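Using the hints, put the two standalone chains together into the complex.
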Amino acid sequence: MKIDERKRTICRCEEITYGEIIDAIRNGRRSVKAIKRATRAGMGACQGRTCSHLIMQILVEECDLDYTELNSDRPGFPLIPVTITSLERIKPRKD
Amino acid sequence: MRTPRAIVIGAGYHGCSIAAHLAVKGIRTILFDKKEIGAGSSGSNFGCVQLQDSAPGLSFEINSYSFNKIWRMEKEFGIDFNLRPLGSLILASNHMEMQELETLYTEKKSCGLDIKLLEKNEINKYEPNINSRNLLGATYFMQGQVDPFKFLYAFVDTGVRSGLELLENTGIKRILVKDGAVRGIETDNGQEYFADYIICTAGAWTKQLCEKIDLAIPIEFIKAEAFVTEPLDPYIQTFFSSASFFTDAHENTSVNTSLCGAPSGAGAGNLLLGETSREWDGSPDSISELISKEHCSGVSNQMKELFPGLAKLKILRSWTTASPSTPSLKPILGFAGPEGLIIAAGFKSSVVIAPAVGEIVTDLVTRGKTFCDLSEFTSQAVYLQK
Numbered sequence: 639m640k641i642d643e644r645k646r647t648i649c650r651c652e653e654i655t656y657g658e659i660i661d662a663i664r665n666g667r668r669s670v671k672a673i674k675r676a677t678r679a680g681m682g683a684c685q686g687r688t689c690s691h692l693i694m695q696i697l698v699e700e701c702d703l704d705y706t707e708l709n710s711d712r713p714g715f716p717l718i719p720v721t722i723t724s725l726e727r728i729k730p731r732k733d
Numbered sequence: 182m183r184t185p186r187a188i189v190i191g192a193g194y195h196g197c198s199i200a201a202h203l204a205v206k207g208i209r210t211i212l213f214d215k216k217e218i219g220a221g222s223s224g225s226n227f228g229c230v231q232l233q234d235s236a237p238g239l240s241f242e243i244n245s246y247s248f249n250k251i252w253r254m255e256k257e258f259g260i261d262f263n264l265r266p267l268g269s270l271i272l273a274s275n276h277m278e279m280q281e282l283e284t285l286y287t288e289k290k291s292c293g294l295d296i297k298l299l300e301k302n303e304i305n306k307y308e309p310n311i312n313s314r315n316l317l318g319a320t321y322f323m324q325g326q327v328d329p330f331k332f333l334y335a336f337v338d339t340g341v342r343s344g345l346e347l348l349e350n351t352g353i354k355r356i357l358v359k360d361g362a363v364r365g366i367e368t369d370n371g372q373e374y375f376a377d378y379i380i381c382t383a384g385a386w387t388k389q390l391c392e393k394i395d396l397a398i399p400i401e402f403i404k405a406e407a408f409v410t411e412p413l414d415p416y417i418q419t420f421f422s423s424a425s426f427f428t429d430a431h432e433n434t435s436v437n438t439s440l441c442g443a444p445s446g447a448g449a450g451n452l453l454l455g456e457t458s459r460e461w462d463g464s465p466d467s468i469s470e471l472i473s474k475e476h477c478s479g480v481s482n483q484m485k486e487l488f489p490g491l492a493k494l495k496i497l498r499s500w501t502t503a504s505p506s507t508p509s510l511k512p513i514l515g516f517a518g519p520e521g522l523i524i525a526a527g528f529k530s531s532v533v534i535a536p537a538v539g540e541i542v543t544d545l546v547t548r549g550k551t552f553c554d555l556s557e558f559t560s561q562a563v564y565l566q567k
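As given, the protein sequences belong to chains A and B, one line each in that order. Each number in the working numbering comes from the position in the first sequence (counting from 1) with 638 added on. Each number in the working numbering comes from the position in the second sequence (counting from 1) with 181 added on.
Chain B on its own, in the form it takes in the complex (with noise of 0.2 Å):
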């Protein structure tokens, strides 16, 4: 038989961690981006491998499995992407987060996780820095942070040892169908390239990809926003995020600074902070580089508030970017629209689940199946010439 081809597209978390797995069992694959490797949301992120947002149930399951997979993965595969625990506090200001947090602990409690729900005078043992006279309480998990970069490079160089071909600053015009399966793409300097089975993981792109061959795929996507402070000596233990994102995201009304940070996953003691959220109409394209002015003043009241002792810290730089997700805040994983087609987007937390995605997906192209099943996932996508 022959050996299936496959065509991978957006050199993100999902289609880097794709390529190597499909690379490393012998299928001849080319991953194909618009810029560069890890130039999107991936990287733009801050490489928490986070296990503590998960929505119960194949989320869930997937995400643990992939949590175990990360942990061995430097050993297995002989490469370095700087894993390292790291704590994550989910900090609740009023009474309404607070009923959030006791239910994402109740609900992660009974999924197995060892959680913790934090009163207020506990909250220091985890950050001793932090001023938590305002706070009424928070959620602790102990999880993991990568370097996003060494994480993305780390898969495409173990592909390119497989013979992955990369192709970057290409961008793809539209996927080609004939007979009701996928033949290849068209790049956007109308270069074709044939394939068996084409994956789709252009993140806050795919929609629009997808709209061309019929296929309404639900991806929305909220403005991201980013700042790197310059390094200092160990002083932010954890990934903190304030329990406000459960309440104000995907709230159409205003940009709401839910603030974020935590130490560079690099390790060279940068701190980073983020970020807000705001649906975004229109093209991804159109997201301006530019940081809202909105976000720089909450960024400020609220690190004012919970890290009074950082007021002198110095930004270095900051960056936005689309960062996907789906209305339901389940992902599309799976074979979708013309066969041979899969996609892999609107993922809640990409970092963690990529071990996993890369491994079902090349599960889907050299057996059609994988283990578990993706039908809660796939049902998400419509395909309208059926």
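The shape of chain A in the complex, shown without the other chains (with noise of 0.2 Å):
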């Protein structure tokens, strides 16, 4: 059986696929947040965690760039998700 190139799964969290990248890519989306925000990649539950490393290689493959060029999406609070509830605990500090 051959499988579809295109259907693999790149962001398992927002399931999106090497086929839905590679369209970004070719409409001109040249850095991992910028797929982000056309695809939905990395905007799940693990915020990229693992499809941004993904995304970045094949935007080197495909835009003939090198790592370095590439802008990566910084994580952003909270590093792990937490409830509504919890975030009450953080106080402001008094001056």
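Since the hints were made in silico from the structure, they are not lab data. This structure is a prediction, so every number in the text was calculated from the model and none was measured. Careful, some of the hints might be misleading.
If you only want the chain B side, here are some residues facing chain A, beta carbon under 10 Å, derived [stated by the list, open to error]: (1) A220; (2) E349; (3) T351; (4) D462; (5) S464; (6) K474; (7) F488; (8) A492; (9) S499.
Dumping the calculated DSSO-like pairs for lysine-lysine here, alpha-carbon to alpha-carbon at most 27 Å [to be verified]: (10) B:K331 x B:K256; (11) B:K215 x B:K331; (12) B:K250 x B:K290; (13) A:K729 x B:K529; (14) B:K290 x B:K301; (15) B:K495 x A:K729; (16) A:K729 x B:K250; (17) B:K495 x B:K485; (18) B:K206 x B:K331; (19) B:K511 x B:K393; (20) B:K331 x A:K645; (21) B:K393 x B:K529; (22) B:K297 x B:K511; (23) B:K301 x B:K511; (24) A:K729 x B:K493.
Cβ coordinates follow ideal geometry from the N, Cα and C atoms, glycine included.
What follows is the structure, encoded as structure tokens:
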């Protein structure tokens, strides 16, 4: 059985395929962040921990870029998912 | 006659809309952004197509013209930006806020808007899961929501198909002026590009860019902050916001967590929560990427009150942005300063008005005038070289 490359899942959280990533790149998206905005790859529960590396690799291959030219998508607060209630424990500093 | 050339600075809602409209009209256009498409406040907002908070007069006229235009655009341009109807609830929790809402209701009703003033016991009809026990009332208006990124990319892709050139990661050092007219721009890496028209849609950065050519633009900005939660089944039906925004916003005294929330515009089920209002001094570049601590406890407390059922819902990510406005709350739109310079910045609600702004600026470039008198907006800009 032949595996359809385009259907290979790249972002497991948001179920984004290799084909969708390639389409975004061909539409002019040229960074992990831009691909995230265009496809939602990396917007899921793990916030791109796995797929951002795969996407960087695809960008390097497709666009003939060097890894050093890629702006990675920096992780934001919170680093792991936290409940709305737990935010209450973050107290403003009293100066 | 030679076709004019245009340069658009800033790839947010207005920059992308203007660049697309110009390119479709055959104007040779280059769109610059110091980062990427939607990297600033346009990519950080909820995509709400707002009409309820628009100020009466010219703002409301253009907004409602654009509101009608946006619903036709997907079909007319053959583009998809996930536009769907979404009700907007503004909630009052004390008498002062209720008074503000009554004023808003009367004002909008007289403009012809089908807005509703809800009593406490009617709120759950529109937002079934909200805890209305401590609310006094609300206003409700059926408006819309887009996927912000699809909206931005739809404009850019439409433009590119008509010859628009896009230069991302290219900051603008200065606008070049000679003999009282714009000549072009110089980028941060020293390269010069020439054009007959420069359209500055740089949001919070507009002020500092224009200062260098002695043009004073009264843009101020707040640090706006937001969270996105994990997806959930439809639980929140509206874009809800607290009426405390009217009384607290743009007060310099403290961080006022004026909660608002909405389902995400992408339709994936995530919930968006924001924002705080704190006026920011200094450069928009100095805004921290970190959410303020006050905002964390503020959002948590207000959500516990309004949606106790969501206490265990998980937050996935947060972001901050410089959200621009003007002291008069009127945008700056139209010709200002040296000949050939057009400003489009300081809009209260950008998604709704971006389609009209694209059309208006294209009119200004191709005909020198548009369908309305913009002097109410442009008079806010002061050119010191005159």
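Evaluated hints:
With its C-beta approaching chain A no nearer than about 8 Å, A220 of chain B sits inside the 10 Å limit, and its interface hint holds. Interface hint status for E349 of chain B: upheld, as the beta-carbon distance to the closest one in chain A is roughly 7 Å, under 10 Å. Contact between T351 of chain B and chain A, as hinted, is not supported at the beta carbon level, the nearest pair being about 13 Å apart and thus beyond 10 Å. Annotation: D462 of chain B was flagged as interfacial toward chain A, and the flag is violated, the nearest CB pair being 17 Å apart, outside 10 Å.
For S464 of chain B, the shortest C-beta to C-beta distance to chain A is roughly 20 Å, which exceeds 10 Å, and the interface hint is violated. Because the smallest distance between the Cβ of K474 of chain B and any Cβ of chain A comes to about 5 Å, under 10 Å, the interface hint for this residue holds. The beta carbon of F488 of chain B is positioned within 10 Å of a beta carbon in chain A (closest approach about 9 Å), and the interface hint is therefore held. Annotation: interface hint on A492 of chain B holds; nearest CB of chain A at approximately 5 Å, less than 10 Å.
Look at S499 of chain B: its Cβ gets to within about 5 Å of chain A, closer than 10 Å, so that hint holds up. This hinted pair checks out: K331 of chain B and K256 of chain B have alpha carbons roughly 15 Å apart, not beyond 27 Å. A threshold of 27 Å between alpha carbons decides the hint, and for K215 of chain B with K331 of chain B the separation of about 20 Å falls inside it, so the pair holds. Restraint check for K250 of chain B and K290 of chain B: the C-alpha separation of about 21 Å stays at or below 27 Å, so the hint holds.
A distance of roughly 31 Å separates the Cα atoms of K729 of chain A and K529 of chain B; the hinted pair therefore is violated under the 27 Å criterion. Distance restraint check for K290 of chain B and K301 of chain B: the Cα-Cα separation of roughly 20 Å lies within the 27 Å cut-off, and the hinted pair is therefore satisfied. For the proposed pair K495 of chain B and K729 of chain A, the alpha carbon gap of about 19 Å is at most 27 Å, so the pair holds. For the suggested pair K729 of chain A and K250 of chain B, the alpha carbons sit about 45 Å apart, so the restraint of at most 27 Å is broken.
Under the criterion of a C-alpha separation no larger than 27 Å, the hint pairing K495 of chain B with K485 of chain B is consistent with the structure, at around 13 Å. This hinted pair checks out: K206 of chain B and K331 of chain B have alpha carbons roughly 22 Å apart, not beyond 27 Å. As the CA atoms of K511 of chain B and K393 of chain B are separated by approximately 23 Å, the hinted pair is consistent with the 27 Å bound. Proposed proximity of K331 of chain B and K645 of chain A is supported: the alpha carbons are some 22 Å apart, at most 27 Å.
Of the supplied pair hints, the one linking K393 of chain B and K529 of chain B holds, its CA atoms being roughly 25 Å apart against a limit of 27 Å. A threshold of 27 Å between alpha carbons decides the hint, and for K297 of chain B with K511 of chain B the separation of about 25 Å falls inside it, so the pair holds. As the CA atoms of K301 of chain B and K511 of chain B are separated by approximately 32 Å, the hinted pair breaks the 27 Å bound. Under the criterion of a C-alpha separation no larger than 27 Å, the hint pairing K729 of chain A with K493 of chain B is consistent with the structure, at around 19 Å.
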